[in-house]
Amino acid sequence: MESNMNISLQSRIDRTHESPLFYKVFGLVAGGMFLDAMDVYLASAVASTTLKAGWSTLAQNSYFLSSGFLGLFIGSLIAGFIGDIKGRRVAYQINLLLFGGFTFLAAFAPNMTILIVCRMMASIGLGSEIVTGYSMVNEFAPIHRRGKWCAIVSLVANAGAPITMLLCYVIIPRFGWRVMFAGIGIVAAILWYMRRNIPESPRWLMAHHREDEAETIVQQLEVNGSDDFSNPTTEKKERVHHRLGISLFVAIVAVSATIICQYTFTSWVPTLLVKRGINVSGSLGLSTLMELGAPTGCAIGAYLVDRIGRKKTIVPAFIFTAIFGIFYARQDTMAGVVAVGFILTACFYVLMASVVAVYVAELFPTVFRFRGAGIANGIAKLFTVAMPIVVAWMLKVSGTNMIFWTISAIALFAGIVVWIFGDETNQKDVG
Numbered sequence: 214m215e216s217n218m219n220i221s222l223q224s225r226i227d228r229t230h231e232s233p234l235f236y237k238v239f240g241l242v243a244g245g246m247f248l249d250a251m252d253v254y255l256a257s258a259v260a261s262t263t264l265k266a267g268w269s270t271l272a273q274n275s276y277f278l279s280s281g282f283l284g285l286f287i288g289s290l291i292a293g294f295i296g297d298i299k300g301r302r303v304a305y306q307i308n309l310l311l312f313g314g315f316t317f318l319a320a321f322a323p324n325m326t327i328l329i330v331c332r333m334m335a336s337i338g339l340g341s342e343i344v345t346g347y348s349m350v351n352e353f354a355p356i357h358r359r360g361k362w363c364a365i366v367s368l369v370a371n372a373g374a375p376i377t378m379l380l381c382y383v384i385i386p387r388f389g390w391r392v393m394f395a396g397i398g399i400v401a402a403i404l405w406y407m408r409r410n411i412p413e414s415p416r417w418l419m420a421h422h423r424e425d426e427a428e429t430i431v432q433q434l435e436v437n438g439s440d441d442f443s444n445p446t447t448e449k450k451e452r453v454h455h456r457l458g459i460s461l462f463v464a465i466v467a468v469s470a471t472i473i474c475q476y477t478f479t480s481w482v483p484t485l486l487v488k489r490g491i492n493v494s495g496s497l498g499l500s501t502l503m504e505l506g507a508p509t510g511c512a513i514g515a516y517l518v519d520r521i522g523r524k525k526t527i528v529p530a531f532i533f534t535a536i537f538g539i540f541y542a543r544q545d546t547m548a549g550v551v552a553v554g555f556i557l558t559a560c561f562y563v564l565m566a567s568v569v570a571v572y573v574a575e576l577f578p579t580v581f582r583f584r585g586a587g588i589a590n591g592i593a594k595l596f597t598v599a600m601p602i603v604v605a606w607m608l609k610v611s612g613t614n615m616i617f618w619t620i621s622a623i624a625l626f627a628g629i630v631v632w633i634f635g636d637e638t639n640q641k642d643v644g
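Numbering (the working numbering), first residue to last: 214 to 644.
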């Protein structure tokens with residue numbers, strides 16, 4: 214049972230205004246997530262470059278890309294246990310050290326086998342960063358705006374995709390792929406050094422009965438003032454009823470559906486549309502127009518998630534994903550593909566900003582938060598690995614329409630699960 218001091222500290226964190234310490238945590242988290250996003254999109258560019266140069270084979274490239282997914286799975290689970298047992302700060306430093314160190318070493322890989330090993334180890338750190346980053350911001354942010362700040366981290370992270378594509382286009386043809394790995398590794402080392410004095414999460418300290426240490430950090434979070442004690446809207450916040458089994462089920466379904474839908478549509482739909490004579494991927498301008506749905510969706514998610522609530526943002530986004538997924542598959546004109554593709558991409562990234570960045574961490578109390586988020590993200594990565602096999606099988610036994618109906622059904626199922634079983638965590642004490 215919580216002590217009175219523990220409850221008081223919890224209330225004080227909830228009512229803080231954004232402080233220099235909070236902005237420092239936010240900036241360091243956003244920087245790490247941005248680097249991680251760059252590394253994800255760099256992998257495919259490196260694979261295609263090494264294949265064209267004869268430095269790798271198609272089989273080796275498949276292992277290279279698969280090792281990344283395996284590392285994400287392992288990293289998600291490891292980060293959860295380290296973060297909950299040893300502390301957020303420890304997990305946060307280890308993941309960047311792994312990611313940055315092995316990314317830098319990858320620049321000097323003498324052969325594809327070593328590069329695959331470096332890729333897997335770097336991806337372990339990458340998987341850890343995804344779990345720890347959003348949860349860290351969630352635990353330091355004021356209760357009224359924690360959804361917005363977590364969603365903004367998602368927006369910053371997803372900006373890594375177009376920037377990485379541009380850098381690869383400019384750098385790799387002139388200087389080679391090794392320079393990209395070395396550059397990311399060096400920037401990661403600088404960021405790791407800047408993180409050396411990042412404080413432990415006061416919520417984690419309170420959960421482990423270290424109130425005196427938590428008090429010191431809370432005082433730093435209060436330097437820009439707090440909401441008025443007398444304000445009835447901030448005096449007492451309803452606490453989420455955490456049922457771990459149900460919360461874990463909701464988290465796994467929501468994260469898995471978000472990632473499966475986004476990955477499968479973006480990976481397979483362009484290929485299937487080519488069979489109809491529509492080659493969107495061949496036009497950089499049209500592809501860019503569709504990809505503008507990503508920052509648009511993240512911005513919409515950041516705007517809505519605190520204003521109307523988590524469930525009222527997530528459930529409609531899943532429903533619209535199901536509807537526009539079917540519409541997208543049935544388009545037979547370039548204009549229709551681009552217009553519906555933009556809307557669908559925005560739906561994906563509303564879910565990324567609200568489910569992955571905000572909701573999952575809030576479904577779990579502090580003592581289980583990293584493990585819960587880690588398990589949900591880890592299982593989602595396994596589903597992602599399996600999807601190409603499933604899609605290939607479905608193409609053999611049925612047709613393209615069955616793929617889109619199945620993916621839309623997954624999105625609809627996830628929306629129903631969140632609406633019925635998910636706790637509404639907006640403006641509430643999540644423990």
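Take the hints with a grain of salt, since some may be wrong.
Unchecked claim - Below, in silico cross-link-like pairs of lysine-lysine (DSS-like), each with a Cα-Cα straight-line distance of 30 Å or less: (1) Lys299 - Lys525; (2) Lys609 - Lys524; (3) Lys265 - Lys361; (4) Lys525 - Lys641; (5) Lys609 - Lys361; (6) Lys525 - Lys361; (7) Lys641 - Lys237; (8) Lys237 - Lys299; (9) Lys299 - Lys361; (10) Lys524 - Lys361.
As the list claims (entries may be wrong) - Across the chosen pairs, the derived CB separations fall in these ranges: (11) Phe540 - Glu424: 50 to 56 Å; (12) His422 - Arg456: 21 to 27 Å; (13) Leu457 - Val610: 35 to 41 Å.
I should point out that these hints are in silico values taken from the structure, not numbers from a laboratory.
A virtual CB, placed ideally from N, CA and C, is assigned to each residue, including glycine.
Outcome of the hint check:
Restraint check for Lys299 and Lys525: not satisfied, since their Cα atoms lie roughly 35 Å apart, outside the 30 Å limit. Under the criterion of a C-alpha separation no larger than 30 Å, the hint pairing Lys609 with Lys524 is inconsistent with the structure, at around 37 Å. With a C-alpha separation of about 43 Å, the suggested pair Lys265 and Lys361 falls outside the 30 Å cut-off, and the hint is violated. Distance restraint check for Lys525 and Lys641: the Cα-Cα separation of roughly 15 Å lies within the 30 Å cut-off, and the hinted pair is therefore satisfied.
Of the supplied pair hints, the one linking Lys609 and Lys361 is violated, its CA atoms being roughly 44 Å apart against a limit of 30 Å. At roughly 15 Å between alpha-carbon atoms, Lys525 and Lys361 fall within 30 Å of each other, so this suggested pair holds. Proximity of Lys641 to Lys237 is assessed by CA-CA distance (about 24 Å); at most 30 Å being required, the pair is judged to hold. This hinted pair checks out: Lys237 and Lys299 have alpha carbons roughly 22 Å apart, not beyond 30 Å.
Distance hint between Lys299 and Lys361 is fulfilled; the C-alpha atoms sit about 28 Å from each other, no more than 30 Å. Simply put, Lys524 and Lys361 have alpha-carbon atoms about 15 Å apart, close enough for the 30 Å limit, and the pair holds. Phe540 and Glu424 have their C-beta atoms about 54 Å apart, which keeps the hinted 50 to 56 Å range intact. For the pair His422 and Arg456, the supplied restraint of 21 to 27 Å holds, since their beta-carbon distance comes to about 24 Å.
The supplied range of 35 to 41 Å is met by Leu457 and Val610, whose beta-carbon atoms lie about 38 Å from each other.
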